[in-house]
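2 protein chains.
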Amino acid sequence: MVDSNGPLGVFDSGVGGLTVMDAIMKRLPGESIIYLGDTARVPYGTKSADTVIRYAKGCAGILVERGIKLLVVACNTASAYAIDALRKELTIPVLGVIEPGARRAVAATQSGRIGVIGTTGTIRSERYQKTIKSLEPSSRVFCKACPLFVPLAEEGWTTGSVPLLAASTYLAEMLHQEIDTLVLGCTHYPLLKRVIAETVGPGVTLVDSAEATSEAVCNTLSELNAFRPEGSPSQRSFLVTDDPENFERTGRRFLNDAIDAIEWVDVS
Amino acid sequence: MVDSNGPLGVFDSGVGGLTVMDAIMKRLPGESIIYLGDTARVPYGTKSADTVIRYAKGCAGILVERGIKLLVVACNTASAYAIDALRKELTIPVLGVIEPGARRAVAATQSGRIGVIGTTGTIRSERYQKTIKSLEPSSRVFCKACPLFVPLAEEGWTTGSVPLLAASTYLAEMLHQEIDTLVLGCTHYPLLKRVIAETVGPGVTLVDSAEATSEAVCNTLSELNAFRPEGSPSQRSFLVTDDPENFERTGRRFLNDAIDAIEWVDVS
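Those sequence lines, one after another, are chains A and B. Throughout, the numbering used here is defined as the position within the first sequence, counted from one, plus 1160. Throughout, the numbering used here is defined as the position within the second sequence, counted from one, plus 1160.
Hint data in this document are derived by calculation from the structure and do not stem from the laboratory. The reader is advised that the hints may include incorrect statements.
As the list claims (entries may be wrong) - Listed next, with one range per pair, are the computed distances between beta-carbon atoms: (1) B:Glu1225 <-> A:Pro1297: 50 to 60 Å; (2) A:Ser1428 <-> B:Ala1421: 37 to 47 Å; (3) B:Phe1387 <-> A:Ser1328: 45 to 55 Å; (4) B:Glu1225 <-> A:Lys1290: 40 to 50 Å; (5) A:Ala1209 <-> B:Asp1244: 35 to 45 Å; (6) A:Gln1395 <-> B:Asp1417: 48 to 58 Å; (7) A:Lys1353 <-> B:Glu1408: 46 to 56 Å; (8) B:Thr1329 <-> A:Glu1405: 24 to 34 Å; (9) B:Arg1412 <-> A:Val1427: 24 to 34 Å; (10) A:Glu1338 <-> B:Ser1271: 50 to 60 Å; (11) B:Glu1333 <-> A:Val1425: 37 to 47 Å; (12) A:Arg1409 <-> B:Lys1304: 45 to 55 Å; (13) B:Arg1354 <-> A:Glu1383: 52 to 62 Å.
To be verified - Here are the simulated SDA-like cross-link-like pairs (lysine to any residue), alpha carbons at most 20 Å apart as the crow flies: (14) B:Lys1304 <-> A:Gly1316; (15) A:Lys1217 <-> B:Thr1410; (16) A:Lys1304 <-> B:Asn1406; (17) B:Lys1217 <-> A:Val1425; (18) A:Lys1293 <-> A:Lys1304; (19) A:Lys1353 <-> A:Asn1416; (20) B:Lys1304 <-> A:Glu1315; (21) A:Lys1304 <-> B:Val1425; (22) A:Lys1290 <-> A:Arg1263; (23) A:Lys1217 <-> B:Lys1304; (24) A:Lys1217 <-> B:Val1427; (25) B:Lys1353 <-> B:Asn1406; (26) A:Lys1186 <-> A:Glu1371; (27) B:Lys1304 <-> A:Arg1409; (28) A:Lys1304 <-> B:Lys1353; (29) B:Lys1304 <-> A:Lys1353; (30) A:Lys1304 <-> B:Gly1316; (31) B:Lys1217 <-> A:Val1427; (32) B:Lys1217 <-> A:Asp1403; (33) B:Lys1217 <-> A:Asp1426; (34) B:Lys1217 <-> A:Ser1428; (35) B:Lys1248 <-> B:Ala1268; (36) A:Lys1293 <-> A:Ala1268; (37) A:Lys1290 <-> A:Ser1328; (38) A:Lys1186 <-> A:Arg1412; (39) A:Lys1217 <-> B:Val1425; (40) A:Lys1290 <-> A:Arg1273.
Glycine included, every Cβ here is placed at the ideal spot set by N, Cα and C.
Chain A with its partners taken away, still in its complex shape (with noise of 0.2 Å):
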C-alpha cells in the first residue's frame, strides 16, 4: 500500500538526474521530492553492471527508508543494469528513464531508424535495442558510447569547437545510417543539445527521457492513486555521498531551482 503523503524518490550516480527531477517538479508541483546523488562514486557509466547494482541498492535503501512512495532512477546506466534487481528488491514502484525514452523514440520516428547515446555501460547493457524492439519489432535501432560527452557536460564546454569535434567524430557513422531520431540516453547530454542539433542537423529528431520521464511517474501515480493530498507545501531535498558544496555547484546548471538542504549520506 502506497502512503500518499511520501515523498517521491529521484537517484542518481550525479548531478545529471537533477534535469529528470526538475522535468518532474513542472509536471507535479504539488509532490515532495528527495534527491539521492551518489557524488562518490560517480561517474556508473564506466563501471561494471555488478558494481552499479551493488550501488543502485545501497542508494535505494537510503531513500527507502526515508519513506519514498516511488522510486525513479534517473540514471541511465543505473535504469540500464540495475532495474531488474531494484525491481525484484523493493515493493514499491521502480521506474527507470529508458523505457519512457524508448517509447517516444518509436513514436517520433517514422523511417524507423533510431539512434541511441549513452555512456560505455548504458550501450554495452544494450537495454534501449531490446526496449525499442519489443514495442517495435520492425524497428533498427544504432548505438554508439559517447564517454567524452559526460566530462564535457561537466566541464561547462557545452558550445565551441571542443564538444563540436566530439560530436561529429562520434556521431559520424550513425549519420551514414540515417537516422530520423536520436535518444539522448544519458541525463548529462541535454546540456549538449545545440551542439548535438549541429551535428545532425534538422533531419534527426532528438529525444530528451527526462520529460518522457515525468510522465510515466505521473501516470503511475494517477494508476495507484498516490497523488500527494493538498494541503501543506511540497519539500525537497538532496542527499548526497560527497561534498554537499560541489554539487551545488554543479547542480545549478542542471536545475532550475535552488538548491539547498543538501545532507551528506554515508555509502562507504
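Use these hints to put chain B onto chain A, whose structure you have.
Chain B alone, transformed into the frame defined by chain A:
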C-alpha cells in the same frame, strides 16, 4: 622494522598509477609489487578531500594486510589530499608522487617559472605549489586544472584535433606566463605528452613524476637497507575494486608488461 621480503604496494584510483608501477619495475626489477586500483570509485580528481582521504585509508589498509613493506601513493589527487593522513596512520614508509615531481621540476627550471597541470582536486589542494615553494622559495608556480585530459586519455583520444584543441584551451594562459617547465601532475597525462609538448613548444621541459617517484622508492629502500634479497623471482599482482576485465583492457595502455593475476576486492 621493515621486512625486506615484503612486496611494494602501489595504490591508485584506477589505471593511471600503472605508469608509476612501470617506472618502478624498470628501476627495481627484483622487487615484488602489489598494485591496487580503486576502479569502483575512480576518479578521485573531482571529489572532495574528505572522501579521498576515506578511500585512501581503506585502500592502504587492504595493501598493509597483504604485508607490503612500503606504500607508493601513485595517484596525484590521493597524494595531494591523503599523504599526511596515511603517514600518520601507517607504520611503513609512505611515498607520494608530488614531492618527487616537485623536486624534478625545481631541478629542471632555469627561469624559476614552473607550470603545474592536474585534476581539480590536485590543483585545489595547492600541494604542488607549496612543495615547490618550500624547495625553492624564489620560484613562481602557475597552475591549471585540466579535467578533460583524464577522459581523453582513457578514451584513447591522445592525438588529433580534439585533444590538441583541449590542450591549447587549457594551456593558453600558462604560455603567456612564460613557464619553462611543466609538471604533468596526473598519472594519465603522460599519455597526452605529444599533444601537450606540441602545444607548449620545445622551450618548455615536461616533468613526469613516474620516473622521479621510482627514484625516490629506490632511495628509501636503500636508506632502510630494505631491498628484496636475491633468490626467488619477484612477483606482480593486481587488486581492483571493479571488474578485472575492464582493468586489464584499459591497463594495457599504461603498463608495458602483462597484466594478470587480477583479484577483485570489496571496498563498498
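Cross-check of the supplied hints:
{"no.": "1", "hint": "B:Glu1225 <-> A:Pro1297: 50 to 60 Å", "result": "holds (53 Å)"}
{"no.": "2", "hint": "A:Ser1428 <-> B:Ala1421: 37 to 47 Å", "result": "violated (26 Å)"}
{"no.": "3", "hint": "B:Phe1387 <-> A:Ser1328: 45 to 55 Å", "result": "holds (53 Å)"}
{"no.": "4", "hint": "B:Glu1225 <-> A:Lys1290: 40 to 50 Å", "result": "holds (42 Å)"}
{"no.": "5", "hint": "A:Ala1209 <-> B:Asp1244: 35 to 45 Å", "result": "holds (37 Å)"}
{"no.": "6", "hint": "A:Gln1395 <-> B:Asp1417: 48 to 58 Å", "result": "holds (55 Å)"}
{"no.": "7", "hint": "A:Lys1353 <-> B:Glu1408: 46 to 56 Å", "result": "violated (36 Å)"}
{"no.": "8", "hint": "B:Thr1329 <-> A:Glu1405: 24 to 34 Å", "result": "holds (26 Å)"}
{"no.": "9", "hint": "B:Arg1412 <-> A:Val1427: 24 to 34 Å", "result": "holds (31 Å)"}
{"no.": "10", "hint": "A:Glu1338 <-> B:Ser1271: 50 to 60 Å", "result": "holds (56 Å)"}
{"no.": "11", "hint": "B:Glu1333 <-> A:Val1425: 37 to 47 Å", "result": "holds (38 Å)"}
{"no.": "12", "hint": "A:Arg1409 <-> B:Lys1304: 45 to 55 Å", "result": "violated (18 Å)"}
{"no.": "13", "hint": "B:Arg1354 <-> A:Glu1383: 52 to 62 Å", "result": "holds (58 Å)"}
{"no.": "14", "hint": "B:Lys1304 <-> A:Gly1316", "result": "holds (16 Å)"}
{"no.": "15", "hint": "A:Lys1217 <-> B:Thr1410", "result": "violated (27 Å)"}
{"no.": "16", "hint": "A:Lys1304 <-> B:Asn1406", "result": "holds (18 Å)"}
{"no.": "17", "hint": "B:Lys1217 <-> A:Val1425", "result": "holds (19 Å)"}
{"no.": "18", "hint": "A:Lys1293 <-> A:Lys1304", "result": "holds (17 Å)"}
{"no.": "19", "hint": "A:Lys1353 <-> A:Asn1416", "result": "holds (17 Å)"}
{"no.": "20", "hint": "B:Lys1304 <-> A:Glu1315", "result": "holds (13 Å)"}
{"no.": "21", "hint": "A:Lys1304 <-> B:Val1425", "result": "violated (31 Å)"}
{"no.": "22", "hint": "A:Lys1290 <-> A:Arg1263", "result": "holds (12 Å)"}
{"no.": "23", "hint": "A:Lys1217 <-> B:Lys1304", "result": "violated (37 Å)"}
{"no.": "24", "hint": "A:Lys1217 <-> B:Val1427", "result": "holds (15 Å)"}
{"no.": "25", "hint": "B:Lys1353 <-> B:Asn1406", "result": "violated (24 Å)"}
{"no.": "26", "hint": "A:Lys1186 <-> A:Glu1371", "result": "holds (9 Å)"}
{"no.": "27", "hint": "B:Lys1304 <-> A:Arg1409", "result": "holds (19 Å)"}
{"no.": "28", "hint": "A:Lys1304 <-> B:Lys1353", "result": "violated (28 Å)"}
{"no.": "29", "hint": "B:Lys1304 <-> A:Lys1353", "result": "violated (28 Å)"}
{"no.": "30", "hint": "A:Lys1304 <-> B:Gly1316", "result": "holds (16 Å)"}
{"no.": "31", "hint": "B:Lys1217 <-> A:Val1427", "result": "holds (15 Å)"}
{"no.": "32", "hint": "B:Lys1217 <-> A:Asp1403", "result": "holds (18 Å)"}
{"no.": "33", "hint": "B:Lys1217 <-> A:Asp1426", "result": "holds (15 Å)"}
{"no.": "34", "hint": "B:Lys1217 <-> A:Ser1428", "result": "holds (12 Å)"}
{"no.": "35", "hint": "B:Lys1248 <-> B:Ala1268", "result": "violated (31 Å)"}
{"no.": "36", "hint": "A:Lys1293 <-> A:Ala1268", "result": "holds (14 Å)"}
{"no.": "37", "hint": "A:Lys1290 <-> A:Ser1328", "result": "violated (26 Å)"}
{"no.": "38", "hint": "A:Lys1186 <-> A:Arg1412", "result": "holds (16 Å)"}
{"no.": "39", "hint": "A:Lys1217 <-> B:Val1425", "result": "holds (19 Å)"}
{"no.": "40", "hint": "A:Lys1290 <-> A:Arg1273", "result": "holds (14 Å)"}
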